[in-house]
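S.K.: Sequence:
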Amino acid sequence: MRLSRKQLFRSSLHRTSGRTPNNRMHESLMLFDSICNNKFFIDTSIILFLNKKDLFAEKIKKSALSICFPEYTGSNTYDDAAAYIQAQFESKNRSPNKEIYCHLTCATDTGNIQVVFDAVTDIIIANNLRGCGLY
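Going letter by letter, the sequence shown gives residues 131 to 265 in the working numbering.
Rather than coming from a laboratory, the hints here were simulated on the basis of the structure.
Hints are all accurate, no fakes.
Label-pair distances were calculated between CB atoms; the ranges are:
| # | residue 1 | residue 2 | range |
| --- | --- | --- | --- |
| 1 | T251 | L185 | 24 to 30 Å |
| 2 | L264 | S221 | 28 to 34 Å |
| 3 | E157 | D209 | 22 to 28 Å |
| 4 | F170 | T207 | 33 to 39 Å |
| 5 | S164 | P200 | 19 to 25 Å |
| 6 | N242 | K192 | 18 to 24 Å |
| 7 | D209 | T238 | 19 to 25 Å |
The C-beta atom is built at its ideal place from N, Cα and C for all residues, glycine as well.
Whole structure, please, built from the sequences with the hints as guidance.
M.R.: Put into structure tokens, the structure is as follows:
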């Protein structure tokens, strides 16, 4: 019996300041790329937490996402900008069999964290049951 493995990765959504050429969001994307595609995690699903969604929601009202991502042409709404950032992380996955489960979180919002924790628990249990042929 082989239990499925999971790798957790967290990045802060609000780190999209374009003040430096290599801003923290791009650093997080590069780090995620190296972890996601590391040979030791090739068969490991990833649970991605994009944290500080509350700060990002405020920041996106004042600063265009195109400051950090010049190629971004979508609207400057929270939903569109967050979806674009999520897609940027998901696009780093070069393994067609690897699943990435993404959650936008606010660590200080206990209700949000409980929902995320429950979802992650369900994912882990379902994958372990699937790995045993019971799901």
